[in-house]
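Asks: Using the sequences and the accompanying hints, generate a full structural model.
There are 2 protein chains.
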Amino acid sequence: MASYTAPLREINFVLNEVLKAGNLSKTIPAYADATPETLAEMIDTAAKFVEQELAPLNASGDAEGCTRHPDGTVSVPKGFTEAFKAYAANGFVGITNPSEYDGLGLPFTLSKVVEEMVCSGNVAFALYPGLTGGCFEAIYASASDELKQTYLPKLSTGEWTGTMLITEPQAGSDLAAVKTKAIPQADGSYKIEGGKIFITSGEHGMADNIIHFTLARMEGAPAGVKGLSTFIVPKFMVKADGTLGERNAIQCAAIEHKMGIHGSVTCVMNLDGATGFLVGKPNEGIMNMFVMMNLARIMVGFQGLGQMELATQNAVRYALDRKQPRTIIDFPDVRRMILQMKAMTEGARVLAYETALYVDYAHHHPDPAVREEANDWVELNTPLVKSTCTDGAVDLGSMAIQVYGGHGFIIEHGIEQILRDSKILCLYEGTNGIQAMDLVRRKLFLNGGRAVSRYFALLNKAATEAAPEFAFIAEPLKAALADLESATRWIQETFRARPDDASFGCCDYQRAFALSYLGYNWLRMAQAASAQDDEVFKAGKLATAKFFATKLLPQVGGLCASVKDGAGDFMALPTASL
Amino acid sequence: MASYTAPLREINFVLNEVLKAGNLSKTIPAYADATPETLAEMIDTAAKFVEQELAPLNASGDAEGCTRHPDGTVSVPKGFTEAFKAYAANGFVGITNPSEYDGLGLPFTLSKVVEEMVCSGNVAFALYPGLTGGCFEAIYASASDELKQTYLPKLSTGEWTGTMLITEPQAGSDLAAVKTKAIPQADGSYKIEGGKIFITSGEHGMADNIIHFTLARMEGAPAGVKGLSTFIVPKFMVKADGTLGERNAIQCAAIEHKMGIHGSVTCVMNLDGATGFLVGKPNEGIMNMFVMMNLARIMVGFQGLGQMELATQNAVRYALDRKQPRTIIDFPDVRRMILQMKAMTEGARVLAYETALYVDYAHHHPDPAVREEANDWVELNTPLVKSTCTDGAVDLGSMAIQVYGGHGFIIEHGIEQILRDSKILCLYEGTNGIQAMDLVRRKLFLNGGRAVSRYFALLNKAATEAAPEFAFIAEPLKAALADLESATRWIQETFRARPDDASFGCCDYQRAFALSYLGYNWLRMAQAASAQDDEVFKAGKLATAKFFATKLLPQVGGLCASVKDGAGDFMALPTASL
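So the sequences go chain by chain: X and E. Going by our numbering, the final residue of the first sequence carries number 578, and the count climbs one at a time with no gaps. Going by our numbering, the final residue of the second sequence carries number 578, and the count climbs one at a time with no gaps.
FYI, nobody ran anything at the bench for these hints, they're computed from the structure. Keep in mind the model is a prediction, meaning the values are calculated, not measured. You may find that some hints are simply not true.
Identical chains share a label here; the pair holds if one copy fits it or two copies do between them.
Under the rule of at most 27 Å between Cα atoms (straight-line distance), these lysine-lysine pairs were calculated in the DSSO-like manner [stated by the list, open to error]:
(1) Lys226 to Lys181
(2) Lys281 to Lys48
(3) Lys85 to Lys546
(4) Lys239 to Lys538
(5) Lys564 to Lys478
Replies: Printed below as a string of structure tokens:
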């Protein structure tokens with residue numbers, strides 16, 4: 001069975017030595033109490049909880065899966081309900097929710113660090129609180145005070161859980177095709193009619209109520225995405241005194257059988273005139289959805305990071321233990337895989353944590369200029385975090401199996417589950433191809449290209465100012481940045497006239513961008529590690545930085561050349577020839 | 001559900017237009033009857049059989065899996081036994097086995113083309129005849145005439161099936177650690193004692209008998225691989241008249257639960273004084289095993305090719321059908337994935353088929369010089385076919401899921417099964433890292449580097465002599481070959497003094513080598529397609545060749561740079577720092 005030990009040393013190194021997250025408590029008044037000590041304490045508590053309560057349910061949850069009964073109810077795997085209640089009792093569901101709505105009011109960054117660990121221990125479980133957080137955010141951002149008062153506190157405490165009802169069979173990536181109908185009622189509510197698919201946590205008995213944040217089209221609204229509105233559709237109606245009333249007309253019609261995340265239920269939901277309450281203004285639903293979607297994309301990135309860590313630490317342990325007849329870590333190709341896994345996982349952790357920090361600054365920094373800049377970073381980083389950590393989880397899940405050899409293919413070892421659980425991460429909340437299109441089509445042009453210009457300025461400065469002892473990574477980083485800047489300019493210049501040409505290499509571009517960012521992260525980690533007394537730790541970090549610099553960072557050049565090569569005549573090729 | 005249509009147009013194009021396999025019937029007397037027409041007829045028959053009988057059992061076999069009963073017997077999925085008997089009745093099990101042992105005596109190449117289709121339709125099923133063929137080859141190459149007469153005919157007809165009993169818990173990649181003991185008996189037979197794991201088709205009721213080709217150590221034999229011998233251990237003893245006698249003392253103790261290929265049973269086998277018959281000479285077992293192992297590696301390559309084709313053709317169909325709201329093939333990133341899948345699959349097909357042709361020439365060509373050269377090619381190509389087609393199957397299995405979006409993660413669509421079924425291909429018959437070590441450590445040095453020198457001479461000649469209209473691929477091919485030659489020389493010069501340094505990039509080197517080979521294949525396909533009248537076919541081939549030339553072939557340079565960068569200090573890093 002795969003085992004999990006929270007990588008506290010790594011986590012604290014990134015938070016405190018690399019990213020100086022302690023500054024949060026100094027610069028953001030709302031987080032004055034979130035000192036490094038407070039964060040460390042919460043992280044320790046969560047680490048123990050994940051190791052002792054969630055990780056042991058990972059393999060059993062995979063084996064057992066979820067079951068829908070003929071009456072439409074759903075059973076989750078054994079132990080999940082108790083674990084969720086204990087998780088909620090620890091306050092983990094609402095770590096970052098405002099205290100006025102019964103959250104702990106602690107930094108978003110802290111909630112994401114906890115999420116990384118939860119997603120290593122049991123990524124299927126993580127979806128129950130994860131979607132609850134997404135539902136909270138969406139309601140918090142757009143709903144009336146009355147709706148907030150009614151729904152938010154119990155979504156913070158985990159007494160209720162949340163979902164997002166977005167996808168329909170004909171409307172996956174194309175939300176303009178959403179057909180679910182909202183019919184206004186005399187009392188100001190709406191009757192919602194339609195069918196939704198791929199609804200994570202759509203039905204279960206782990207919590208007293210389920211709040212469905214639902215995308216639908218009001219009768220008479222325009223076609224396309226500008227005719228969509230968002231609604232709260234509770235599983236059980238909530239009475240004026242806050243107690244639960246009648247069952248609403250929303251049902252789980254079926255559940256999906258999936259490649260992985262078996263412990264997470266994925267529902268087909270039917271709404272047969274279910275009562276819903278409008279969130280925000282009519283026909284502005286797509287905007288309300290995107291508030292949540294952006295944070296959800298970051299969340300999925302953390303799911304990927306958790307799985308990258310799980311793959312890496314198990315592969316390291318196995319490679320140090322297995323003899324064939326030498327300990328296999330001493331075979332060059334195995335050592336290469338281990339270093340690659342560490343280089344990607346630890347580099348991605350800095351990207352993910354830094355993005356979370358920017359969310360905190362964007363939401364709460366007292367200086368509007370800082371907030372604006374932080375928001376630029378969040379916009380730019382979101383597709384990078386989502387795609388890098390999820391492609392990384394699949395790559396490393398596959399690589400961990402290679403390290404295990406034939407044993408990796410056997411379910412009992414718990415390693416193949418990582419690959420199965422991770423593949424969905426590349427698909428939901430926008431496939432990684434859609435992330436790449438978001439990067440190329442939107443993020444490079446945002447505010448006249450401000451975010452990406454700042455990116456190059458900052459990274460070039462860091463590479464140029466690095467002390468000579470870090471030239472081993474600063475120099476290849478400069479070369480990578482030069483290639484990436486050139487590809488970026490090419491896209492910016494080409495996109496308007498020939499969007500397909502500019503987009504053809506979007507995934508290559510996204511990967512090149514992420515590798516340059518990880519190169520910057522490894523420069524910073526090398527610098528921070530050099531200041532440490534622990535020679536064993538320092539040697540590991542410097543070697544891994546060197547591996548990244550020599551084996552991974554040089555890929556940026558080839559990727560950028562491919563980007564600038566464009567689509568050639570490929571888009572014009574008649575489909576009969578394919 | 002994934003569907004499968006045998007790509008007959010592609011298969012015949014590669015066989016007849018690109019590789020001129022019709023020459024087999026002219027140059028090899030034994031294959032005089034194997035005219036292009038004969039081959040085409042057999043391929044058509046097999047195509048229909050796979051489409052109608054095997055492909056429909058692929059999803060159901062995955063869902064049902066195999067079951068071991070308390071008495072040690074094993075049930076295979078519904079329909080597998082009937083399908084196997086029909087498969088055998090068609091003569092498919094022994095296509096290439098000599099007619100003196102009841103085979104059809106047809107080219108190895110033909111048997112592999114059939115195998116590609118079988119492995120697209122149902123790769124789990126393919127293992128039953130696949131291992132039977134391996135067992136046949138091993139006995140045919142090394143056993144006495146008496147043993148051959150007793151065992152080979154029924155392995156050709158599929159009345160009996162075969163296995164390879166190699167791996168033990170402590171002896172995976174390290175066969176020197178094999179402990180299974182052979183104790184000589186007065187009658188010339190041996191009693192075999194020990195335990196084997198990961199035994200494909202180790203127990204089932206699909207055939208009357210199972211012949212276990214078993215690696216064991218005679219009492220008193222030297223330690224290490226030079227003390228290993230090979231034995232035939234039948235499930236049922238065979239009487240002098242050829243009828244079956246007593247049950248031998250070999251039992252299936254357990255079966256594995258695996259990520260994929262659920263329809264193929266993987267057994268833990270106990271030998272409790274089972275009767276075995278020595279094959280070949282004492283202590284030369286490892287040589288006998290390698291006869292079979294090399295062909296088995298090519299077989300696994302064809303399994304990968306079959307899965308690549310299955311992933312590709314389903315992704316193409318979906319991309320041409322699914323609207324979001326445009327048909328998704330018109331999204332640049334989707335089209336990029338489709339072209340990449342086709343470029344890899346069709347390029348790998350030429351590599352695989354050409355390797356099979358070389359096997360035919362190596363075994364049967366009347367001219368010893370041709371046989372020697374062909375044998376060089378087989379040696380060089382074996383790790384390339386095995387790794388390229390199996391890494392390709394996993395990559396394309398994953399990419400097909402991306403093309404399907406969230407639907408790809410749902411079992412019902414049959415797409416995620418491709419990734420699950422394919423991952424084992426990168427592990428068994430030597431992990432792909434072991435293939436890369438074989439390439440770097442053995443194949444580059446074989447006969448003084450003769451095979452690889454011939455490779456560069458042939459490919460450089462083809463690139464140099466290509467007409468100007470093919471410069472779009474001939475030029476990048478030349479550049480790739482220059483980089484690969486330089487990396488090859490570096491390995492050849494470095495290996496003896498610093499083997500770990502030379503080996504560190506073995507997987508990068510293997511990939512670079514394969515990409516150069518596929519570049520050569522695409523040059524040849526472009527040339528052959530240009531001679532065709534069918535403009536739709538020609539346009540597709542030329543566009544895909546161009547995609548390969550501009551998007552994939554340029555990766556060779558970066559990979560080779562990484563190879564020549566060596567291991568740095570990575571092998572010296574103390575494991576405590578990992």
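Asks: Could you work out which earlier hints the structure fails to respect and list their numbers in ascending sequence?
Replies: 2, 3, 4
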